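**Q** From first to last, the protein sequence lines are chains A and B. Heads up: the first sequence begins at 1 in my numbering, then just goes up one per residue. Heads up: the second sequence begins at 1001 in my numbering, then just goes up one per residue.
Hints in this document: simulated from the structure, not taken from any laboratory. Given the structure is predicted, the values throughout are model-derived calculations rather than measurements. For every residue, glycine included, the Cβ atom is placed at its ideal position computed from N, Cα and C. Heads up, a few of these hints could be off.
[What the hints assert, rightly or not] Footprint (simulated), chain A over chain B, 3 or more residues, beta carbon under 8 Å: (1) 1020-1034; (2) 1047-1054; (3) 1059-1066; (4) 1088-1096.
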Amino acid sequence: MSIGRFFRRKRWDEERARELESYLAIETDENVERGMAPDEARAAALRTLGNRTLVREEIYRMNTLGWIDAVWSDLRYGVRLLRRNPGFAAVAILSLALGVGANAAIFELLNALRIRTLPVSHPEQLADIRIEGDDDRSGGFDGRHPNLTNPLWEKLRDRQEAFSSLFAWGTPNFELSSGGISRTAAGLWVSGDFFRTLDVRPLIGRLLAAPDDRRGCAAPPAVISYGFWQQEYGGSPSVLGRSLMLDGHAYDIVGVTPREFFGVEVGRAFDVVVPLCAEPFSRRQSSLDTKSNWFLAVIGRLRPGWSLARATAHLEAISPGLFRDTLPNYRPEDEKAYLAFRFAAFPAATGVSDVRSSYETPLWLLLATAALVLLIACANLANLMLARATAREREVAVRLALGASRGRIVRQMAAESALIAIAGGAAGGVLAQWLSGVLVASLTTERDRVFVAVAHDWRVFAFVALAASVACLIVGVVPAIRATRLNAAAAIKAGGRGSTDTHERFGLRRVLVVAQVALSLVLVVAALLFVRTFRNLVTLDAGFRRDHLLVADVDVRHAGVPADRLPALYDDLLARAQSVPGVDGAAQVRNVPIGGSFSNREILVEGVKQKTPTNFNSVSDRYFDTMGIALLAGRRFDRRDAANAPKVAIVSESFARVYFGGANPIGRTFQIDEAPGRPRPPYTIVGVVRDTKYNDWRAPFEPLMYGPWAQDPQQPLSGLRLVIRSVLPLTTVTSALTALVREQNPAIVIEFRTMASQVRDALVRERLMASLSGFFGALAAIIAAIGLYGVMAYTVARRRNEIGIRMALGADRRQVVGMVMREAATLLAIGVAVGVAAALGAARLAASLLFGLTPHDSGALTAAIGVLAAVGAIASYVPARRASRLEPTVALRDE
Amino acid sequence: MPKRGNRPIQGEMLQGTLDLLILRTLAAAPAHGHTIAHVIERQSDEVLQVEHGSLYPALHRLEDRRWIASFWGTSENNRRARYYRLTPAGRRQLAEQTTRWEAIVRAINRVLRPA
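Construct all of the structure, not just a fragment, from the sequences and the given hints.
**A** Structure representation (C-alpha cells):
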C-alpha cells in the first residue's frame, strides 16, 4: 500500500464506486437484452454483484493504516465533543495551560540556572579553582566571587600544570558616563586568557588576548556584550574603535561577544569586559599587589586526560608554596590559617553562580508547589470527566453490549482528554515563555540585576510533554477505563434510575476529592508559612526607622580633589546636606545597614581576645538621630570626638550584654586587635544604643560597635555615603541635594535610594516565595472547592429520589441540608487529616526559607484547616440547599 | 464492519485461485470487471461461480502488487468501464502461479488416486 494512496483514499473509494456502477450498467444492459424488464434487470444485476458497500469497505481498508484512521476518527470525535461543551473545554484547557505554564516557567529557570551547561565548547573540561572548605580568610572582599587575591592568582598561573589554560576574573561595577549622564555598567575584569580558555569567538571585531593584559597597561581595550551593543549602539558595526568612558577612563571598543555568551556566571550578564591590568583605573588604590584583597575568581580548562581529582591533587601539592610566597602581613593566628589553605578544582561546566545558590532551593520548592497545583487541577478535571462518563454510562453499556471492544471505547473517550492535554500543554508552553520572563524580572532589583538566559531546549520541551502526558493520563484514561468497567446489562437496566448512589462506582470521585483537599491543604499551609515569613521580615523591628529615610552615595572619584583635602570636602557636603530645608537629619556612615557592605573588627575586652569578630560601623555625630536609633545610656558622638582626641565608642545593647554581662558599660574600655606593630589604644564606651540589624536582615541582633567618623583611620577615597531623614516628597529632597552637590563640584556624582526600597530589595526572594506560594495556595483551595462542589452536586442529583422520599416521610429542610453537609464534612475531614500529615512532612523541606516561625507552626496549620473548612462549607452548602428545595412530589414523579 | 475472519472458508481457499484466474483471463486481452467475471464463468463451463463483487477487491489487490494496470475505456455497448491489462510482472507471475498450480493438482491427484 502506498502512502500516496492513503491520503487519496477518499478519491479511490469514489473511483471504485464508479467502477461498480459501471459493472451494474453493463450487466443491466445484458439482462435487458436477454429480455428482462429494466427494473428486474437492475435488481438481478445487483444480486449478481453482491454487497457493494462490503466490497467498497474491503478495498477502503486495504488502502488505509487501520490505527491511523482510528486515531484520526477518535480525535475528530473528541473535537466534536469539546465543541459541544465549549465551557468545559475552555475551563479544562485553561486550567491545564496555567498548570503546565507555571511548571514549565519554573522549570525553565531551574534549567537555565542549574542544569544547562555554559554555552561554550566542551564546558565539562572547565573547573573552578578556589580554596577548599569553609575557610576563614581575613582582609578585604570585593565582587560576587572573591576567591583569590591577585598575587595568589599570578603565582597559581605560573606554577600550575593541570590546566591547559586558565583565567582570573573579577566583577566590578563600572560607572559608565556618556553625555554628562552616568550610570552603572556590569563589568568584568579578566586576565589575558579569558576568551582563549572559553574558546569564544568574536561576533565582530576581536576579543581580548594575552597581549592586552600586561601589568601597567596604559590604554587597555574593551569588549562589549551583544546586549550592551544592541542597547547602547543599536547594533551598529561602527561601534568598533569608539571610546567608552568607564570610571572616568577611556577604553577603545575592539569587539563584541556572540549573542549567547553571558560570561561564566549563570544568572548574571555583563555589559563590558576589560583586561585585569585596567583595575588601577577604577580604584584609587590598586589591589593588584595587595596580598589580602580578595576579589578574583579563577577558572581553568583541564589538560586532556586530566580529571578533576587529579587536578585537585596537583593543586593541593603546590598550595603550600603558593600560600607561603604570598603571605600577607597578618596576625600570627591568621597567618597560620592562611598557610593551611589548599586549592581544589570544582566542576564548572554549569558555570558559577551566586543567584543559583540563593534561588535553587526556592525554585525546586516552587516547582513542587506548581506540580501539586497541576495535580489538583488534573484531579478536578478527572472528576469532571468521570461525571461526564457517568452521564454516558448507558451509551457505553449499549455499545459494549453490541460488541464494541473495551479498548476501542477507552481510546475514544481518552481522545478527548488527549486533545485537552495537547491544547493545554501547547498553550502552557507559550505561557511559560512569558511567565519565566516575569519571574526573572521579579528577581531583579535596581542594584542587583539578575539575568537568566532562558533557553527553550529539549529539556524544557520534554518537561512540558511529560507534564501534559501525565495530565492526560490522569484526566482521561483513568476515568475512561473506569467508565467501561461496568456490567452492561445492569447499567442499561439501572441507567438513570439510581435511587441511591452506587457506592462502589462513585468511590473514585470521592477519592479524587479527598486527594484534592489534602493537596490543597499542603499548599495552603505552605502559602501561609511563606506569607507569614515575609510579613515577619517586613514588619520586624530593625532597631531603626525605615520610613522617610534616604541613602545617598556620593562619588568624588572624578572631582579631581586630592586625597588630603577629601575630609574637608566630606564635612562641607554633610553640612550642606543638613542645611537643606525640610531635611530633619543627615549623617555620614561607613556602611548603611542592609546596604550590602559591612565591616568587623577583632576586639580585646579587658585584654582578652574575643573569638568572633565584632561588627563595626563608623558614623558621624547625628547618625543615631537621623536613623531613629534610640540612645539608652550615655551620650552621642559630638565635636569632642575629634581625630586626635582619645578614642571613644558607642555600643549596642547586645554588645553590652555579651561582653559586659549586661552591666553598665559606660566608661569601660576595649581594644581593637590591630595588625602587629601598630598601637592598640583603648576605646572608651561613652554610650549605649538599641540593637539594629546590620548586614543580614534575617540574622538575630549581634553585638555592634560604632566609632566616630572623625576617628576612622581609613577615610574612604572614592566618596561618602549619607543617610538623610526628611518628610518632604522624595523628588524634592533629591533634586535639592543634587543641585547642592553640583554647586560644590559638577564632577561629583550623587545617587539616591530609599531605605525602604533597600530593605525591600533585600527581601526579593522572600517576596517571590510569598507571592507565588500564596497564589498557588489560593488557586489550589479554589480548585478543591470546585471539586467538592461538583461531587456534592452530583450526589444530590443522584439521590434526588431518596431525598424526595425522606421529605415525603417528614424530613424537614434542615435535616436534608444537614445530611448533605455531613457527607461533605466527612470528605473534607478525611482530606484535611491526610493533608495535615502530608503538610507536616513536607514543611520540613521549607525550613531553611522560613523566618520567625517553625515549619510546624500550629497557627498556619490551624488557619489552613480553617480556610479549607470554610471554602468547603460554602462549596457544599449550595448543593445542600438545592437538595432541601426539592419538591418531594416532583422528585418522585420524575422517575 | 465485518471482519476478515468472518468470511466463509471457501472464499479463503478461492483467493489464490481467483487471482490466478483473473491473470489468466487478462493474458488474452485487456478487460473490465464485468467481462472478467463472465469469462471465468463461461470458460469453466459455469462450474466456477464467482460472486462478482468479490472480484473487485481481488483486482485492487493485484493492481497494488503491480501485476495488472488499469485504465478507463468504453465497453462494447458504449458504457464507461474500467479496463485492466496484464503488466510484464503480471505475466511472469501468471507463468509462475500456473506452474505451481499444476504441481499442486498433480500432487493432490497422486494422493487421491494412488497408482
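**Q** Please go over all the hints and tell whether each is borne out by the structure.
**A** Comparing the hints with the structure gives:
1. 1020-1034: Three-residue rule met by the region 1020-1034 of chain B, so holds; n is 3.
2. 1047-1054: holds (count 4)
3. 1059-1066: holds (count 3)
4. 1088-1096: violated (count 0)
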